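So the sequence lines, in the order shown, correspond to chains A, B and C. Note that my numbering has the first sequence beginning at 1, numbered continuously upward. Note that my numbering has the second sequence beginning at 298, numbered continuously upward. Note that my numbering has the third sequence beginning at 647, numbered continuously upward.
No lab work stands behind these hints, which were simulated from the structure alone. Accuracy of the hints is not assured; some may be wrong.
Restricting the straight-line Cα-Cα distance to at most 35 Å, the calculated cross-link-like pairs of lysine-lysine (DSBU-like) are [as the list claims (entries may be wrong)]:
| # | chain 1 | residue 1 | chain 2 | residue 2 |
| --- | --- | --- | --- | --- |
| 1 | A | LYS98 | B | LYS594 |
| 2 | A | LYS183 | A | LYS246 |
| 3 | A | LYS183 | C | LYS755 |
| 4 | B | LYS594 | A | LYS120 |
| 5 | A | LYS129 | A | LYS183 |
| 6 | A | LYS120 | B | LYS396 |
| 7 | A | LYS246 | A | LYS98 |
| 8 | A | LYS129 | B | LYS594 |
| 9 | C | LYS755 | A | LYS246 |
| 10 | B | LYS594 | B | LYS396 |
| 11 | C | LYS672 | A | LYS246 |
| 12 | A | LYS246 | A | LYS129 |
| 13 | C | LYS755 | C | LYS672 |
As the structure is a computational prediction, the values presented were derived from the model and not from experiment.
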Amino acid sequence: MTEILESLQFVYGPQVANGLAIGVAVILMALGLTIIFGLLDVINMSHGEFYALGAYLAVTLVGQGVNFWLCLALVPVAMAAIGYFTERALIQRVFHTKDRHILTLLLTFGLAIIAEDAFKLAYGPNPYKPESPISGASEILGIMLPNYRLFLIAAGGAIIVAVWLVVYRTTLGAMVRAAAWDKNMAASLGVPVERVYAGTFAFGVALAGLSGVLLAPIYSVFPTMGKDFILMAFTVVIVGGMGSIKGAVIAGLVLTQIQSISSLFISPVWSDPLVFGIMVLFLMVRPQGLAGRLGHG
Amino acid sequence: MADTPATRVAVRTAVAANERADALGDGVLAGAFVALALVFAAVAAASGDTFFFRLATEALILAGVAMAVDLLLGYTGLLSLGHALFFGFGAYVSALVLKHWSPSFWAAIGVTFAAAALLGVVAGFIAIRARGVYFALITFGLAQVVFKAVYNTRELGGSDGIIGIPQIRVEFGLFSVQASSPLGFFLVTLVFVMLLYAALAWLMRTPFGRLLVAIRANESARALPGILALARQAGGLRDRGRGRRALRQPVPHAARPGVAGAAGLPDIGQRRDHGHPRRRRHLVGALYGAVILTGLKSVIGTWTEHHLIIIGALFMLSVIFLPKGFAGYVLPRLRRRFAPGAGKPGEGA
Amino acid sequence: MLELDAIHTHYGLSHVLQGVSFTVAKGEVVGLFGRNGVGKTTLIKTVAGWVRPSSGRLRFEGEDIAGLASDRICRRGIGLVPEDRRVLPGLTVEENLRLGLMQAPGRAKAEAARAMQRTFERFPRLAERRSQMGTTLSGGEQQMLAIARVLVGAPRLLLIDEPSEGLAPMIADEIFALIHELRAEGIPVLLVEQNVMRALEVCDRFLALERGAVVFQGDARSSADRQRLIEVIAV
Numbered sequence: 001m002t003e004i005l006e007s008l009q010f011v012y013g014p015q016v017a018n019g020l021a022i023g024v025a026v027i028l029m030a031l032g033l034t035i036i037f038g039l040l041d042v043i044n045m046s047h048g049e050f051y052a053l054g055a056y057l058a059v060t061l062v063g064q065g066v067n068f069w070l071c072l073a074l075v076p077v078a079m080a081a082i083g084y085f086t087e088r089a090l091i092q093r094v095f096h097t098k099d100r101h102i103l104t105l106l107l108t109f110g111l112a113i114i115a116e117d118a119f120k121l122a123y124g125p126n127p128y129k130p131e132s133p134i135s136g137a138s139e140i141l142g143i144m145l146p147n148y149r150l151f152l153i154a155a156g157g158a159i160i161v162a163v164w165l166v167v168y169r170t171t172l173g174a175m176v177r178a179a180a181w182d183k184n185m186a187a188s189l190g191v192p193v194e195r196v197y198a199g200t201f202a203f204g205v206a207l208a209g210l211s212g213v214l215l216a217p218i219y220s221v222f223p224t225m226g227k228d229f230i231l232m233a234f235t236v237v238i239v240g241g242m243g244s245i246k247g248a249v250i251a252g253l254v255l256t257q258i259q260s261i262s263s264l265f266i267s268p269v270w271s272d273p274l275v276f277g278i279m280v281l282f283l284m285v286r287p288q289g290l291a292g293r294l295g296h297g
Numbered sequence: 298m299a300d301t302p303a304t305r306v307a308v309r310t311a312v313a314a315n316e317r318a319d320a321l322g323d324g325v326l327a328g329a330f331v332a333l334a335l336v337f338a339a340v341a342a343a344s345g346d347t348f349f350f351r352l353a354t355e356a357l358i359l360a361g362v363a364m365a366v367d368l369l370l371g372y373t374g375l376l377s378l379g380h381a382l383f384f385g386f387g388a389y390v391s392a393l394v395l396k397h398w399s400p401s402f403w404a405a406i407g408v409t410f411a412a413a414a415l416l417g418v419v420a421g422f423i424a425i426r427a428r429g430v431y432f433a434l435i436t437f438g439l440a441q442v443v444f445k446a447v448y449n450t451r452e453l454g455g456s457d458g459i460i461g462i463p464q465i466r467v468e469f470g471l472f473s474v475q476a477s478s479p480l481g482f483f484l485v486t487l488v489f490v491m492l493l494y495a496a497l498a499w500l501m502r503t504p505f506g507r508l509l510v511a512i513r514a515n516e517s518a519r520a521l522p523g524i525l526a527l528a529r530q531a532g533g534l535r536d537r538g539r540g541r542r543a544l545r546q547p548v549p550h551a552a553r554p555g556v557a558g559a560a561g562l563p564d565i566g567q568r569r570d571h572g573h574p575r576r577r578r579h580l581v582g583a584l585y586g587a588v589i590l591t592g593l594k595s596v597i598g599t600w601t602e603h604h605l606i607i608i609g610a611l612f613m614l615s616v617i618f619l620p621k622g623f624a625g626y627v628l629p630r631l632r633r634r635f636a637p638g639a640g641k642p643g644e645g646a
Numbered sequence: 647m648l649e650l651d652a653i654h655t656h657y658g659l660s661h662v663l664q665g666v667s668f669t670v671a672k673g674e675v676v677g678l679f680g681r682n683g684v685g686k687t688t689l690i691k692t693v694a695g696w697v698r699p700s701s702g703r704l705r706f707e708g709e710d711i712a713g714l715a716s717d718r719i720c721r722r723g724i725g726l727v728p729e730d731r732r733v734l735p736g737l738t739v740e741e742n743l744r745l746g747l748m749q750a751p752g753r754a755k756a757e758a759a760r761a762m763q764r765t766f767e768r769f770p771r772l773a774e775r776r777s778q779m780g781t782t783l784s785g786g787e788q789q790m791l792a793i794a795r796v797l798v799g800a801p802r803l804l805l806i807d808e809p810s811e812g813l814a815p816m817i818a819d820e821i822f823a824l825i826h827e828l829r830a831e832g833i834p835v836l837l838v839e840q841n842v843m844r845a846l847e848v849c850d851r852f853l854a855l856e857r858g859a860v861v862f863q864g865d866a867r868s869s870a871d872r873q874r875l876i877e878v879i880a881v
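Looking at chain A on its own, in the form it has when it is part of the complex (with noise of 0.2 Å):
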């Protein structure tokens, strides 16, 4: 009996809180992708790179001085001008095309390549690591957790309560699920979808700069943080349906749980195939995922 407690308290327990960490952070990132897909339609190749920006940003400005929570504040902001223009810049172009889905696939898959070198040649090739902004650790139900977690959970899950807040119960949410659904529609209410579409693509990407952010002292900040983080987060996408922001809250949950808890009995490396199995075995049994589009829940 104290056996099983005991494994719970430092085995499980710990196991369970970190996942739940990572699971917050990679819901962020979805979130931002998801959103993108049912109002655009555009899979974002590079939100992994704009999740590496955030990063990257946050480490330049505590390396300047800056306080890490002004950061939090301001990395989010410069990268939802950085979202806005690229959608004004790029996906506007081929936006128009009937080859659209794959157009801006190819367009934002470039602009990925591109990011990932430019990473290299401004920050080099090793990792940076910045100082967590809270030390210290506390006990909860006999398990001990970095106080800097337990901020991340919370911060992380007010974020994650207030995008469904602002999509589902503001005039603004309104706007973008009519421009998902029927944007010819929404557009002769006097929706001005274009605006409306550059401003979401700006909302998630400033998602995802966030939680570049928040990870950042949890993880290590290095050239390719994006891509391997970026299949996580299109796997969480596709389980929970694309473009459903239910679904993707679900869906990142249990597969960071999945991914944590058997990382106790499987070695490492075999934690994304197993993750893509899962992404690969949705798309046979159930391609629609948890939950359906953007505006069912």
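Got chain A sorted already, so can you dock chains B and C onto it with the hints?
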């Protein structure tokens, strides 16, 4: 236009004329490619060069990959973001064969051929269930997963790759070519790549090739098990073409999708005219594109190692401004010169 | 108010509108009639900006609107009640109406709230169902919603496409009564309707469309004109 027997004959004649003009245009470009390659080989051999030979050989190998991507994207409209997986796989298999089993070139290419075909069937089995963007995501994920797995496997050399692969001699019965000879290896690669080109060009004119194009024209075609099986075969075929890539010294970075993505530069967007089964695509564009790209990479490489920034930018610019690709730009102009009688592509049907 | 001059519109290779010219003046309700496939809905979509005319002049209140994005056209004061109503799925009745407010974005909050208030007073059934999903309403209620969400933005011209389609006669009566009210309020309407006889009752003038062009214009009150219209559009 009324659907009378006369108009139907007229349409058919126009289509046939178009196809002949297309084949002619492709043939002219492919012939010019071989001629240029031979002129280059003569000049380079006379001046005792090795650097440009290596570069040109690399370009030819890249052309093979590009043709494979083009076969999928250009003809069936399926975008594979994980094609470098097969490239890297071929290289690893041949390296292992040469190192541990037999130093024979033909053994290496035979085993790689078979193994790549098998992998193609497996990968096709997984990926072909998804369409459009999902296909792209699955192939992307597949390549990522395999890359990471290989990268973390010490038995395969991890991040250093496999080292100590013997230099080989390619036996042709009457004569043999040393793989370390720049001229000889260049010519061997040229022969293989042009044979691959001829085989694919022929394949695309067969009923099977037309079926491939029909896959893109009709999304519901995937419901037909027969087409599905054929599509899987195509997956295998494309990877068989990949076997020769083993000739190259294997490096783990070959397995990075970024490289193949950049390789797709010249022929992306040839799939623009979807829904038009009679419209032909231009495999020959992949040959020229690969050469242009390798040349660019080398030039950029002389002043920065971060060539992906520039290649990536070119890639994006061509998606935006040249969506029909290099061949899509050149060929209609060539056709107007060589076969003025034929109509514009795609309008004959 | 609305002037079309030699408007041509293409859908891919098919030439749908082949030089349409007419005007809608202030305060008049104009019916647009013709057989299926002559381009009535395309004409509405062209004015609303869903389809870009390939040539010709399209002016509203003296300003050129051809080629403008639909949201711009809408904010100039042209409200659209489209074919099949297009009630936005996943949005509540109230959200559907709130989006209608976007048509006049410069309005003060209090004024916008009053517009919502007036709309709910005019359509009490929508007020009862304000937090219900728009697509769960009955066909007639959805048509009410499609009209109400445009009225809330105080349009200066209404485009209404097939409002009675698929509705029971009694419900259709309500819709026509509503259009009659709009006419009394002086809101100009361009109305496309299959039920020509009912529509003529609420129209001042009408246009007959044949093969992408206006072949005949007439007075809705004149029985000679009506007779000729029937001859033109009868199969």
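Restraint status (C-alpha distance of LYS246(A) to LYS129(A) at most 35 Å): 32 Å, holds
Agreement of LYS183(A) and LYS755(C) with the hint, judged by alpha carbon distance not exceeding 35 Å: Holds: LYS183(A) and LYS755(C) sit about 26 Å apart, inside 35 Å.
Please work out if LYS594(B) and LYS396(B) have their alpha carbons no farther apart than 35 Å. 30 Å, holds
Restraint check for LYS183(A) with LYS246(A), where alpha carbons must lie at most 35 Å apart: At roughly 23 Å apart (the allowed maximum being 35 Å), LYS246(A) and LYS183(A) satisfy the hint.
Hint check: LYS129(A) vs LYS594(B), CA-CA at most 35 Å. Holds or violated? The hint holds at about 33 Å.
Sort out whether LYS672(C) lies within 35 Å of LYS755(C), counting only the CA atoms. 29 Å, holds
Are the Cα atoms of LYS755(C) and LYS246(A) separated by 35 Å or less? 32 Å, holds
LYS98(A) paired with LYS594(B) [C-alpha distance capped at 35 Å]: 31 Å, holds
Given the hint that LYS672(C) pairs with LYS246(A), test it: the Cα-Cα distance must not exceed 35 Å. 49 Å, violated
Pairwise hint evaluation, LYS396(B) against LYS120(A), where the allowed Cα distance is 35 Å at most: 34 Å, holds
Run the distance test for LYS594(B) versus LYS120(A): straight-line Cα separation, threshold 35 Å. At roughly 17 Å apart (the allowed maximum being 35 Å), LYS120(A) and LYS594(B) satisfy the hint.
Between the alpha carbons of LYS246(A) and LYS98(A), is the straight-line distance 35 Å or under? Holds, at about 30 Å.
Consistency with the previously given hints fails for numbers 5, 11, ordered from lowest to highest.
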